[in-house]
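First residue of the sequence shown: 1, per the UniProt record's numbering; consecutive thereafter.
Think of the hints as simulated: they come from the structure by calculation, not from any bench. As the structure is a computational prediction, the values presented were derived from the model and not from experiment. Some clues are possibly wrong.
Pairwise CB distance ranges (calculated) [what the hints assert, rightly or not]:
(1) Val35 x Tyr200: 28 to 36 Å
(2) Thr31 x Gln226: 34 to 42 Å
(3) Val208 x Val43: 37 to 45 Å
(4) Asp174 x His235: 25 to 33 Å
All C-beta atoms, glycine included, are put in the ideal place defined by N, C-alpha and C.
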Amino acid sequence: MDDLKPEMVILNAEIFHALFVSWCMQRSASTYTTVLLMVMDFVEATLALRDVGHIMKGMNNVLALNAKIDDLSRGKESDIRQVTQPPDNVLKCSNDDSDVPIVNSYAKNLVDEMSSTERLRYLRSALQVLHIAEFLVLVEMTEVIIPVVYCIYLSIVYHLPNKVYYAQLRGVDDATLQHNLLNVMTYSLLELVSFVMLSYVLQRKVGVSTLRQLAFVMGSQWQVAQCKFVLWVVHSVQAPLDHFGADFSFKFQWLHGNTSSIMGE
């Protein structure tokens with residue numbers, strides 16, 4: 001289940017966040033809003049990368065310790081072989097290959113024990129790094145794709161007759177629509193730049209291609225990912241439709257109107 005957590009969390013929660021941000025960028029697209037959103041995104045990515053850096057530092061310490069132990073054991077084994085190896089000018093009495101090699105059993109057991117323990121710690125740390133990297137990549141991917149999908153949706157609905165029932169398109173002309181779409185696409189472009197920078201930093205720190213990691217996640221879990229993506233996007237973009245009774249101003253004027261008419265009858 002731990003392998004499914006990034007996909008489950010991102011595609012169930014981050015989609016709503018990205019759609020809400022896109023809606024905010026459409027309504028109040030100012031330089032201050034854009035800068036504030038990007039600063040928050042930068043802070044979140046920086047905190048996550050700091051955690052990755054701490055884990056990678058611990059992994060490097062494990063590797064350094066293993067290297068020292070390995071060098072020590074090899075040095076002792078080499079010294080023992082030099083002492084116990086017969087000279088070249090001494091004839092062998094027998095060609096029997098049943099000679100038991102003389103090794104430092106204490107050093108060998110110590111290396112084996114430390115290697116097993118440290119390898120387990122190293123493996124857990126590596127999995128934790130990949131887990132965090134997968135979260136970051138999926139979040140950035142969602143923040144890039146969802147605004148584009150939202151713009152495509154608005155462009156299609158704008159040319160439909162029922163656009164009057166959508167609050168975000170009511171009273172919107174061609175110029176206003178283009179301006180709103182430009183604001184949302186600007187935010188998506190900034191998120192794309194953030195995604196590229198994050199991918200570069202992760203590849204430098206972790207040594208794993210984020211694009212390959214993203215392709216692996218979307219390829220191995222494409223059925224669940226596609227179902228959640230389509231379900232939540234279609235459900236969310238239809239929320240402002242008047243027929244659903246949603247009123248984000250929390251005034252519910254249509255409800256008061258119906259109540260008064262019923263009471264009058």
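So, going through the hints one by one against the coordinates:
no. : hint                        : result
1   : Val35 x Tyr200: 28 to 36 Å  : violated, 22 Å
2   : Thr31 x Gln226: 34 to 42 Å  : holds, 36 Å
3   : Val208 x Val43: 37 to 45 Å  : violated, 24 Å
4   : Asp174 x His235: 25 to 33 Å : holds, 28 Å
Going down the numbered hints, you'll see the structure goes against 1 and 3, while the others check out.
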